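Protein chains in written order, with this note's numbering: chain A, 43 to 156; chain B, 22 to 243.
Simulated from the structure, these hints should not be mistaken for lab results. Fair warning: there could be bad hints in the mix.
Looking from chain B toward chain A, a few residues come up when the C-beta cut is under 7 Å (computed) [what the hints assert, rightly or not]: (1) V24; (2) K25; (3) K29; (4) L31; (5) P172; (6) L173; (7) G205; (8) L206.
When the alpha-carbon atoms are kept at most 20 Å apart in a straight line, the in silico DMTMM-like pairs for lysine to aspartate or glutamate are as follows [said to hold, decoys possible]: (9) B:K209 with A:D142; (10) B:K234 with B:E224; (11) B:K198 with B:D187; (12) B:K29 with A:D58; (13) B:K25 with A:E104; (14) B:K28 with A:E69; (15) B:K23 with A:D155; (16) B:K23 with A:D54; (17) B:K77 with B:E130; (18) B:K29 with A:E104; (19) B:K29 with A:E106; (20) B:K28 with A:E153; (21) B:K170 with A:D84; (22) B:K234 with B:D47; (23) B:K209 with B:E197; (24) B:K170 with B:E197; (25) B:K170 with A:E124; (26) B:K28 with A:E62; (27) B:K167 with A:E124; (28) B:K234 with B:D132.
Just so we're clear, the structure is a prediction, and the values are computed from it rather than from any experiment. The C-beta atom is built at its ideal place from N, Cα and C for all residues, glycine as well.
Here are the chains, one letter per residue:
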Amino acid sequence: MHELSIAMSILDIVRDACAEEGCSRVEKVRVRIGKASGIMADSLLFSFDCARSGAAAGATLEIEEVPVGGHCRDCASDFTVEEKYVLECPLCGGPAFTIDSGHELEVVDLEVDD
Amino acid sequence: MKVKLVKKILAANDRIAEANRRLLSDAEVFSLNLMSAPGAGKTTLLSRTIGALGGKLRFGVIEGDIQGTHDAEVISAHGVPVVQINTEGACHLDANMINEILPQLPLEEIDVLVVENVGNLVCPAEFDVGEDAKVMLLSITEGDDKPLKYPLMFQKSEALIINKIDLVPHLDVSLEKIRRDAQGLNPKLRIFEVSCKSGEGMEAWYGWLQGRKESGSLHGAL
Ligand SMILES: Nc1nc2c(ncn2[C@@H]2O[C@H](COP(=O)(O)OP(=O)(O)OP(=O)(O)O)[C@@H](O)[C@H]2O)c(=O)[nH]1
Ligand SMILES: [Mg+2]
Ligand SMILES: [Zn+2]
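Just chain A, same shape as in the assembly (with noise of 0.2 Å):
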C-alpha cells in the first residue's frame, strides 16, 4: 500500500545518481523486490510511472522479483519457496534453518543516454 512512497524514494535515488554521474536522461531502471517486503509490483510500476519526472521522466521500471529462500542447518540444503514465509524447512521440514532472501528492496542499476 506504501507502494508511492517507495517509487519516490526510487526516483531520489536516480535523481542524486544523475547529478553524480552527470546524466540527463534515463532510460531503465533495475530494482530488485523481496517477496516479503510487501511491496505489490504491479502497484510498484503504476505508481512509478505516475511520479516520475525530471531526467527519470521517460524511464521503465524494471523488477526483479526474489523469491524468499534461505538455508537448513539439519539437511544442509538452500531452499526457495512460493510463500512469502517459511514456518518449517520446506525439504525436512525442521525448525533449523535461516532466511538470506525476499526482503529485498534495492536499485540495483540505471540505463542511461550518454
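With chain A fixed as given, assemble chain B with the ligands onto it according to the hints.
Showing chain B with the ligands alone in chain A's frame:
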C-alpha cells in the same frame, strides 16, 4: 551506458531513523512504535497503560493518523504531552515525519515515548522511525488467519498483544492458531493475550514494558 548502484531503497529513511534514535537515547527516552490494523485497540491500550503506569513512568505520545485529532484528544485527557501527525493519506509514519515533530515534545520530561502508528497491518512494518521496540496489536475480531496473510509485521515486532479476548465466546477464532503461526514466523516474539476493555491480562504487558524500558535500546537484537 549502465550505472551500477545497488542502493537500499529505504536508505534515506533509515538514516533519519538512526538520527531520531540517537536524539531519543541522548535524552534518555525509551521509544515504542505501536502498530496494528485500524481499530485493533492501540488508543485504548495506550489509555489504560498510561492510567496504570503513569505514576511510575512519564509518558509522551505521538499520534499518527491519516486525518483528525480524535486519538490525540483521548490521550491528552490523561495529562501527558501528545502531538498529532496527520499523514494526509499516507498509510504509515516515516522517520522524517517523526524527526520534524520531535522538537515539539518536552523530551527531558518523558521516560517512554509511544508512537501510535497509522492503523494498517502492512505498511508501518516497513518503515523504521527510530524506535527502540516495535510492538503490534492484533484483535481477535480480525480473524486467526492474519499472521500468515500479513507476516511482515509479526516478523518485525518484539511483542504481539492479542486484544479483545473478552469477545472469545462470541467468535469462531482460535487463539492457539494465532499464537502458533505468530511464533512460527518469529520465534522470539513475546505474546500477550489481553482485553483492553476488562483489563484481563494487562499486568503481564505492564511488566514487560517496564522491564524492556530498563534494558533500553537492544541494538541488533532483532
Ligand atoms: N470488546 C472490546 N473492545 C475493545 C477492546 N479494546 C478496544 N476496543 C474497542 O475497539 C474500538 C477501537 O479501539 P481503538 O483503541 O480506537 O483502536 P485503534 O487501534 O486506536 O484504532 P485506529 O487508531 O483508528 O487505528 C473501540 O470502540 C474500543 O472501545 C477490547 O479489549 N474489547
Ligand atoms: Mg487509535
Ligand atoms: Zn531441512
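Against the structure, the hints:
1. A cut of 7 Å between beta carbons decides the hint on B:V24: the least distance to chain A is about 4 Å, and the hint holds.
2. Among the interface hints, the one on B:K25 holds; its C-beta lies about 5 Å from the nearest C-beta in chain A, closer than the 7 Å criterion.
3. With a cut of 7 Å, the hint placing B:K29 at the interface with chain A holds, because the nearest CB-to-CB distance is about 6 Å.
4. Evaluation of the B:L31 hint against chain A yields a held restraint, the C-beta minimum of about 6 Å falling below 7 Å.
5. For B:P172, the interface hint holds, since its Cβ comes within 7 Å of a Cβ in chain A; the closest pair sits about 4 Å apart.
6. Taking 7 Å as the C-beta cut-off, the interface hint given for B:L173 holds, the closest approach to chain A being about 5 Å.
7. The interface hint given for B:G205 holds, since its Cβ lies 4 Å from the closest Cβ of chain A, which is under the 7 Å cut-off.
8. Using the Cβ-Cβ criterion of 7 Å, the hint placing B:L206 at the interface with chain A is satisfied: the shortest such distance is roughly 6 Å.
9. Between B:K209 and A:D142, the direct Cα distance comes to roughly 18 Å. Compliance with the 20 Å bound is thereby established for this hinted pair.
10. The suggested pairing of B:K234 with B:E224 holds, with an alpha-carbon distance near 15 Å, which does not exceed 20 Å.
11. For the hint linking B:K198 to B:D187, the alpha-carbon distance of about 17 Å falls within 20 Å, and the restraint holds.
12. Annotation: proposed proximity of B:K29 to A:D58 holds, straight-line Cα distance about 13 Å (limit 20 Å).
13. Distance restraint check for B:K25 and A:E104: the Cα-Cα separation of roughly 14 Å lies within the 20 Å cut-off, and the hinted pair is therefore satisfied.
14. A C-alpha spacing of about 18 Å is found between B:K28 and A:E69, which places the hinted pair at or below 20 Å, so the restraint holds.
15. Proximity of B:K23 to A:D155 is assessed by CA-CA distance (about 9 Å); at most 20 Å being required, the pair is judged to hold.
16. For the hint pairing B:K23 with A:D54, the CA-to-CA distance comes to about 18 Å; that is within 20 Å, so the pair holds.
17. Only pairs whose Cα atoms come within 20 Å are accepted, and B:K77 paired with B:E130 is accepted, the gap being roughly 13 Å.
18. Simply put, B:K29 and A:E104 have alpha-carbon atoms about 16 Å apart, close enough for the 20 Å limit, and the pair holds.
19. At roughly 14 Å between alpha-carbon atoms, B:K29 and A:E106 fall within 20 Å of each other, so this suggested pair holds.
20. Annotation: proposed proximity of B:K28 to A:E153 holds, straight-line Cα distance about 15 Å (limit 20 Å).
21. A C-alpha spacing of about 19 Å is found between B:K170 and A:D84, which places the hinted pair at or below 20 Å, so the restraint holds.
22. Taken as a hint, the B:K234 and B:D47 pair is honoured in the structure, with Cα atoms around 15 Å apart against an allowance of 20 Å.
23. The suggested pairing of B:K209 with B:E197 holds, with an alpha-carbon distance near 17 Å, which does not exceed 20 Å.
24. Note on B:K170 and B:E197: the hinted pairing holds, with a Cα-Cα distance of about 16 Å set against a maximum of 20 Å.
25. Between B:K170 and A:E124 the CA atoms are separated by roughly 13 Å; this keeps the pair inside 20 Å, and the hint holds.
26. Among the hinted pairs, B:K28 with A:E62 is consistent with the structure: their alpha-carbon atoms are about 14 Å apart, no more than 20 Å.
27. As the CA atoms of B:K167 and A:E124 are separated by approximately 18 Å, the hinted pair is consistent with the 20 Å bound.
28. With a CA separation close to 8 Å, the supplied pair B:K234 and B:D132 stays within the 20 Å bound.
Consistency with the previously given hints is maintained throughout, with no hint failing.
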